[in-house]
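Chemist: So the sequence lines, in the order shown, correspond to chains A and B.
Residue numbering for the first sequence follows numbering that gives the first Met the number 0, beginning at 0 and increasing consecutively.
Residue numbering for the second sequence follows numbering that gives the first Met the number 0, beginning at 0 and increasing consecutively.
If you're looking for bench data, these hints aren't it; they were derived computationally from the structure.
Since this is a predicted model, take the numbers as computed values, not measurements.
By construction, the Cβ of each residue, glycine as well, lies at the ideal position given by its N, Cα and C atoms.
Hints may contain errors.
Simulated coverage check for chain A against chain B, where a stretch passes if three residues somewhere in it have a Cβ under 8 Å from a Cβ of chain B [unchecked claim]:
#, stretch
1, 136-147
2, 190-197
Residues of chain A clear of chain B, computed beta-carbon distances all greater than 10 Å [claimed, not checked]:
#, residue
3, Ile-3
4, Leu-14
5, His-19
6, Leu-38
7, Ser-42
8, Phe-51
9, Tyr-67
10, Leu-93
11, Ala-108
12, Leu-150
13, Leu-161
14, Pro-163
15, Ala-212
16, Ala-219
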Amino acid sequence: MLAINTGGASRATQLPGFPHVHGFLDFELAGAMMQSTMLAGVSGGIALALDFEMGFIDRLFAAPISRYSIVAGRLAATAVLGLLTGLWFLAIGLIFGAHIEGGVPGALAILALTCAAAGAFGTLGAALAIRAARASVVQGIFPLVFVILFLSTAFFPLGLLLEPAHSIARFNPLSLITDGLRGPVIGGLTAGDVGKALAGIAIVAAVGLVLTALSLRGRARTG
Amino acid sequence: MGARTEAAMVWSLMRRGLNEILRVPGAALPGMLAPTIFLLGLTAVFGNLHHLPGYPTDSFMSFILPVSFLQAAGFTGAATGVNLARDIELGWFGRLLVVPIPRWALLAGTVLAASLRVLLPFTLLTIVALALGARWPGVDGLLLAVAYGMAFAAIAACWSVTLALMFRTQSAAPLMQAGTFILVLFTAAYAPLPLLAGWLHDVASVNPVNHVLTAARQGFIGGVSWSNTWPALVTLVGMTIAFGAVAVRQLLRFGR
Numbered sequence: 000m001l002a003i004n005t006g007g008a009s010r011a012t013q014l015p016g017f018p019h020v021h022g023f024l025d026f027e028l029a030g031a032m033m034q035s036t037m038l039a040g041v042s043g044g045i046a047l048a049l050d051f052e053m054g055f056i057d058r059l060f061a062a063p064i065s066r067y068s069i070v071a072g073r074l075a076a077t078a079v080l081g082l083l084t085g086l087w088f089l090a091i092g093l094i095f096g097a098h099i100e101g102g103v104p105g106a107l108a109i110l111a112l113t114c115a116a117a118g119a120f121g122t123l124g125a126a127l128a129i130r131a132a133r134a135s136v137v138q139g140i141f142p143l144v145f146v147i148l149f150l151s152t153a154f155f156p157l158g159l160l161l162e163p164a165h166s167i168a169r170f171n172p173l174s175l176i177t178d179g180l181r182g183p184v185i186g187g188l189t190a191g192d193v194g195k196a197l198a199g200i201a202i203v204a205a206v207g208l209v210l211t212a213l214s215l216r217g218r219a220r221t222g
Numbered sequence: 000m001g002a003r004t005e006a007a008m009v010w011s012l013m014r015r016g017l018n019e020i021l022r023v024p025g026a027a028l029p030g031m032l033a034p035t036i037f038l039l040g041l042t043a044v045f046g047n048l049h050h051l052p053g054y055p056t057d058s059f060m061s062f063i064l065p066v067s068f069l070q071a072a073g074f075t076g077a078a079t080g081v082n083l084a085r086d087i088e089l090g091w092f093g094r095l096l097v098v099p100i101p102r103w104a105l106l107a108g109t110v111l112a113a114s115l116r117v118l119l120p121f122t123l124l125t126i127v128a129l130a131l132g133a134r135w136p137g138v139d140g141l142l143l144a145v146a147y148g149m150a151f152a153a154i155a156a157c158w159s160v161t162l163a164l165m166f167r168t169q170s171a172a173p174l175m176q177a178g179t180f181i182l183v184l185f186t187a188a189y190a191p192l193p194l195l196a197g198w199l200h201d202v203a204s205v206n207p208v209n210h211v212l213t214a215a216r217q218g219f220i221g222g223v224s225w226s227n228t229w230p231a232l233v234t235l236v237g238m239t240i241a242f243g244a245v246a247v248r249q250l251l252r253f254g255r
């Protein structure tokens, strides 16, 4: 998607209202990272659901450890996956000519944010996996990932989105995360951008953790 | 065995493929929803691209709709391969092979079913796009887009069937989808050739599917002309022969 978007809409930077960037790839990197961290969250959910399907989790639940630690372990793995995807896209971006205005500190901030974002999305995947206990159900939310992404600033500036995407993107926490990831690439590392990203991640994580806790309770009751 | 019996067998297999829409809806739904989501999503995101100098239409949705047609064809073709892989996994296809009919007839029924199944997402896409302001392509433009899309679905089905026969597992589904996904999107999908980035311009220029897209798109952004139609026709015939031959070859080797 990064290659196709960048190659197909590269002249978008000439549109009035498009932020100043060295190239469209600079702008799209954050969107690709967002997409990747969301898919990492879904993949983590699928893996957890498969553990349920195979009965592995039932055996783990019988172990004298906190149930939350089982989920936390899975989320940590998802977060590491997020870190790796951040690294991957930074490398791809640099190879193909992207400029990271924030330099090394900016790149490190991006990696930390992708790691945290993947963990946050992992909580949503985990909640669904625990609730459904079926990999196919978790897999079924893949299209939803794209819907949510299209309704954010992941691929295009807010001011150039058409309605109703424009209005929805304004309140979509993913826009906060994307803008926060994009800041260090196109404008340098600022506390404001990092704060925006952290706020978005906190919203997603809070919702995900509550849903995960509720799903775990339900699973504990019903077995 | 007479030609009439073989035709009846092809028809039966085609009907079976169509029945799967209602009886295995989970397999058909992604092929309908995914292109529609991409149509709406891409229009919402990149809808302002039509303001670029040199863009041939003032409606991005009209420009991208034929891409969604080809995506739908790709998804439908992939679903055909996944269904066949499931039949192989369950042993049903093995039993079908002992039926005294030529193997090409087995392939024809499956592939023709894909061509008809794709009419479902085409209908949904057309209704959604026209309701949201896409340009009416005229009867000729619409028929051309639909016919070429159906042919492309058959080609995608041949590709997916080949992979299903090769790997014999539904796990090959991503490969089936990725092939056509790449072929469709590495074209002038988002913008006309001159507005693409250099590398994509070069790839799209030699990508045969770009001819198909140009022909399917012409009615939505202007008038239908023979000069935009015949290269796609040649491409589709060539691809059908090539992908069909590979699928038949794979089918002949299956289980021997």
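Chemist: Against each hint, give a clear statement of whether it holds in the structure.
Modeler: Hints and how they fare:
Here's how the stretch 136-147 of chain A fares: 3 of its residues keep a CB closer than 8 Å to some CB of chain B, so the rule of at least three is met and the hint holds. With a threshold of 8 Å between beta carbons, the proposed coverage of the stretch 190-197 of chain A by chain B is violated, since 0 of its residues qualify and at least three are required. Against chain B, the non-interface label of A:Ile-3 is violated: not every CB pair exceeds 10 Å, the least being about 5 Å. The Cβ of A:Leu-14 does not lie farther than 10 Å from every Cβ of chain B; its closest approach is about 6 Å, which violates its non-interface assignment.
Its beta-carbon lying about 17 Å from the closest one in chain B, A:His-19 satisfies the requirement of being farther than 10 Å from that chain. Distance to chain B confirms A:Leu-38 as a non-interface residue, since its nearest Cβ pair spans about 13 Å, more than 10 Å. A:Ser-42, annotated as away from the interface, keeps every beta carbon of chain B farther than 10 Å; the closest lies near 13 Å. Listed as a non-interface residue, A:Phe-51 keeps its Cβ farther than 10 Å from every Cβ of chain B; the least gap is roughly 20 Å.
With a least CB separation of 33 Å from chain B, A:Tyr-67 remains clear of the 10 Å interface cut-off, as annotated. A cut-off of 10 Å between C-beta atoms confirms that A:Leu-93 is not in contact with chain B; the least separation is 17 Å. Every CB of chain B lies more than 10 Å from the CB of A:Ala-108, the least distance being 26 Å, so the non-interface label holds. Residue placement check: A:Leu-150 does not keep its beta carbon more than 10 Å from all beta carbons of chain B (closest about 7 Å).
With a least beta-carbon separation of about 4 Å from chain B, A:Leu-161 fails to lie farther than 10 Å from that chain, contradicting its non-interface assignment. Against chain B, the non-interface label of A:Pro-163 is violated: not every CB pair exceeds 10 Å, the least being about 8 Å. Distance check for A:Ala-212 against chain B: the nearest CB is about 30 Å away, which clears 10 Å, and the non-interface claim stands. Even its closest Cβ contact with chain B, about 30 Å, leaves A:Ala-219 beyond 10 Å, as expected for a residue assigned away from the interface.
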